[in-house]
Amino acid sequence: MTDKEQYKVHKEPFYQAQGKEVVLYEAAYAARLPVMVKGPTGCGKSRFVEYMAWKLGKPLITVACNEDMTASDLVGRYLLEANGTRWLDGPLTTAARIGAICYLDEIVEARQDTTVVIHPLTDHRRTLPIDKKGELIEAHPDFQLVISYNPGYQSLMKDLKQSTKQRFTAFDFDYPEAVLEAQIVARETGLDEATAAKLVKIGQTARNLKGHGLDEGISTRLIVYAATLLKGGVDPKDACRMAMARPITDDADIRETLDHAIDATFA
Amino acid sequence: MHPQVQKYWHEVDCGFPPVADVFEECVYDALAVFSKPQMKAYIEAARVLGKLGRGPEPMLAFLEEWPSVVVALDGDVLEPVMDFVRAMQKSPNGQAIAPFLQTLAAVARRMHSPEQFQRYLDISRDLMLRTQGSIHGHHATIPSPGLPEFFGQAPFLANMLSLSGMRNWVEYGIRHYSTHPERQIDFFKLQSADSRAVMQRERHGTLFADVERKLDLTLRALWHETEQLVPYSTAFDELRKPIPYYDKLGMRVPDVFDDADGPGGTVSGLDRYRAVLAHMIGHRRWSRPQIADNWSPFQRMAVEFFEDCRIETLLIREYPGLRRTFLALHPKPVADACDPETTSCLRHRLAMLSRAFLDPDHGYTDPALLEFVGRFHESLANGESTTKEMAELALLYVTKTRRQSDQLARVHFDDTVIDYRDDNRHMWLYIEDSDDEDFFDDPAKQNKKPAEAQSLPPRHYPEWDNQSQTYRPDWVSLYEALHPSGNPAVIDRLLAKHAALAKRLKRLLDLLKPQEKVRVRYQEDGSELDLDVAIRSLIDFKGGATPDPRINMSHRTDGRDITVMVLLDLSASLNEKVADGSQTILELSQEAVSLLAWSIEALGDPFAIAGFHSDTRHEVRYHHIKGFSESWDDAVKGRLAAMEAGWSTRMGAALRHAGHYLSHRKSDKKILLLLTDGEPADIDVSDPDHLRADAKKAVEELTTKGITTFCLSLDPNADDYVRDIFGQHWKVLDRIERLPEQLPMLYMALTK
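First to last, the sequence lines map onto chains A and B.
When we follow my numbering, the leftmost residue of the first sequence carries the number 1, and every step to the right adds one.
When we follow my numbering, the leftmost residue of the second sequence carries the number 1001, and every step to the right adds one.
Next comes chain A alone, as it looks inside the complex:
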């Protein structure tokens, strides 16, 4: 049997609720409903799931999806050995066996034929057929499936099928309100709130440009990076340029606009 403990979240992750999502998640978990977390990059989706796993005291298995991922990367595969084969469970199978929360991060990145393997686990059946082994796994009573995705992708190719979407309850995440976001940044890094508020203000200027040359605004994660640099003694303007303006764009006009916003905010 796999060691359950290694997947447990032992230390409380810092998570600042934006609304009723904690209560709602607990309700969904009580009924073992699958959950989908939507939102732009770096707004706290993964942190939220981690926090909930900690709060519920359940193990958490995270899979970062990519476009080369196949069904057997999730379910498991036979490994060839010199004198035969050996079956190795994939993360999804492991989670179903030990009763963990299985979190598939950025699910749209995975190929569409891969995503359908989760279907039998997400409806009333709660089973996982392993055709290669001829085994049907009944999911552990504690097992729950959580997926996340970013609907902001410009690509028309990357979207979930309706048949997948309609198996989940969903949370819509967004970057927090300015005041709240400043508190989060302050809490996360120990920076004073006034400076954190300035960083958030710069972040918002970039979010206003979304769709006008920027695919995504500056995420809370980047703001936290900037705050961390600031806390480490870096000059505020340099920290903002390095952590917030430079990463998100190669467009000279936008970079200059963001630089101007930084100069205007830090007198």
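Please note: incorrect hints may appear among the correct ones.
Unchecked claim - Away from chain A, derived, C-beta distances all over 10 Å, residues of chain B:
#1 Pro1457
#2 Glu1524
#3 Pro1547
Claimed, not checked - In silico lysine-lysine, DSSO-like type, Cα no more than 27 Å apart, as pairs:
#4 A:Lys201 / A:Lys4
#5 A:Lys201 / A:Lys165
#6 B:Lys1214 / A:Lys237
#7 A:Lys201 / B:Lys1214
#8 B:Lys1705 / B:Lys1666
#9 B:Lys1731 / A:Lys210
#10 A:Lys8 / A:Lys55
#11 B:Lys1542 / A:Lys132
#12 B:Lys1214 / A:Lys210
#13 B:Lys1705 / B:Lys1731
#14 A:Lys210 / B:Lys1542
#15 B:Lys1189 / A:Lys210
Rather than coming from a laboratory, the hints here were simulated on the basis of the structure.
Each residue gets a CB set at the ideal place from its N, CA and C atoms; glycine is no exception.
Starting from the known structure of chain A, fit chain B onto it as the hints suggest.
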């Protein structure tokens, strides 16, 4: 007359009465700045100018202007100037001497060193030599038409352009109008459109056109607003400089800003634009219009100053970094610069107050000023305050500090103009019509509606000038219109006529179309076993080595993502009959394009069709035949059936316009397919290389936008030039009769 002056008068040896009138005064001015040898040279030069036989003007201008030239340049340039005068005198350009000397001082004030002034002389000399004419080719006999005009404009040009800009502008004029005296005069008088356009391009400072996107992004990012930004020209309105303002139609900003050297450091042109925008945004956010009927102009001015400062304080509260920009641009009036006994000082007082509102370290000590600074900050301490509150404070201030002299006509203007602020026209509501002269909301004017536009306005495109390697700005006017409609049945008949060909094409198309599956090998998991790899793995396995588990293969779909624009040359040469005499090229093109359209439609690629021809640069016609979103239906077929040929082939502008549409499509591959029967040509261009070079440039521009241009030429002699223009992407069709067959085939080959 002083005996010394008498002596000089004797030396210049001149009998012109107008010179005699001013001579004494000029000599006194000159004595104030000249050393003794300089004075001697001055009188000698004046004497020479008097003896030129060109009347009193040259001498008069010289006597009056020269001392200030020397002061402005801080160096002696008499020798080169006199050299140039002699050169003009010897050539037929003698009548340009007077204008040259008359504007000398004004030009000199714009030059910062004798070296720069020397360059101005060089430019002038170059212009003279290259535009004067000669009948027999030996001696110049015809004067340069543009030279006197150029001297007339020189102070203005020196003000607007850097020396290299002036050089380019002159160069442009010489190159394009050296053979056309009337137009040359218009150009150097700054009266022709391209003269102004080229000047605009060469201006120093930050041009609005260059930073428009940055400003738009700034508005969005910092202020979360979008607004139409409309530039106004600052170059030609000499009497009354326009200032920024905004109304329903957008924000008006100047077309150029130089970097500003303010009291608090240099502010870049871009930052000046941003300050202007921030100020106007502030008004839009926080200012409310006030009823102004009962206030005097002075009171209104005071209210404007107070309100401007209020919104700037709020802006700084939002973005503290703006304080630096505002303070650097805000003048810092000196406390006692204005004498209240002789001058109206209200502006000065308000400017000081405005400075004190914004600048904590203003250093003014006037008690009234300090009191109101305190009250101003007090009212803004808890919240945003209001326009009304500011108005009350301002009226109080005017009452409190009023002086009799405020009514004087002489107003103190130094250091009181704050050029990033708008004209505040939005702040005032009038219940009754004002009798102010500059009342701008004339109701009669407002009721006039602009006439409905009959067709699309022209689009202007630049044209590449190969000789100078620069663009001629806004050179070509392109009119786009829907092609008139004809009978769609014609096209259906054409398609029916080529039924056999269509059948053949259909087979090819079917081969092309399902080209969607691509095999992906070496997969651990896949839809099929890859036998070769599997056997190799098995051998490894039996041999005891670690086998490769990637023995499967799968398939990947690989769809077409191609957008194509078919651009047809509709010039007059299409009306010619082909060799066998049965059909015109136009009819063949029609057939070919119909078949092509049918094929592309079958393939499912989005495509558009357009035709073009031109009648000089002022009228390039671009006919819309099919748009990307239209389907291949009767409306489109009708337009295709009505196709007519005429006029010439100005290719560059049409390519640019077609590329403009293509560049907005989202496709992996964008193709512009040009069908033409000859080289680019137009009746207003004599040099065949010019339009070729322009077309080549247009193709290069399209390439940088990710558009592939392909030319199918029906001109058997096209090899000479198509390679130059289109690089590798061209094909010449020798047997035009085969066009209907070849065009769809070509397309398929291109996109396979």
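Hints, verified against the model:
1. Pro1457: About 26 Å separates Pro1457 (chain B) from the closest Cβ of chain A, which puts it past 10 Å; holds.
2. Glu1524: violated (7 Å)
3. Pro1547: Violated, because the least Cβ-Cβ distance between Pro1547 (chain B) and chain A comes to about 6 Å, which does not exceed 10 Å.
4. A:Lys201 / A:Lys4: Status violated; Cα separation ~43 Å.
5. A:Lys201 / A:Lys165: violated (34 Å)
6. B:Lys1214 / A:Lys237: holds (20 Å)
7. A:Lys201 / B:Lys1214: holds (19 Å)
8. B:Lys1705 / B:Lys1666: holds (12 Å)
9. B:Lys1731 / A:Lys210: violated (44 Å)
10. A:Lys8 / A:Lys55: Satisfied, since the Cα-Cα distance of roughly 11 Å is no more than 27 Å.
11. B:Lys1542 / A:Lys132: Satisfied, since the Cα-Cα distance of roughly 22 Å is no more than 27 Å.
12. B:Lys1214 / A:Lys210: At roughly 15 Å apart (the allowed maximum being 27 Å), Lys210 (chain A) and Lys1214 (chain B) satisfy the hint.
13. B:Lys1705 / B:Lys1731: holds (22 Å)
14. A:Lys210 / B:Lys1542: Violated, at roughly 58 Å.
15. B:Lys1189 / A:Lys210: violated (48 Å)
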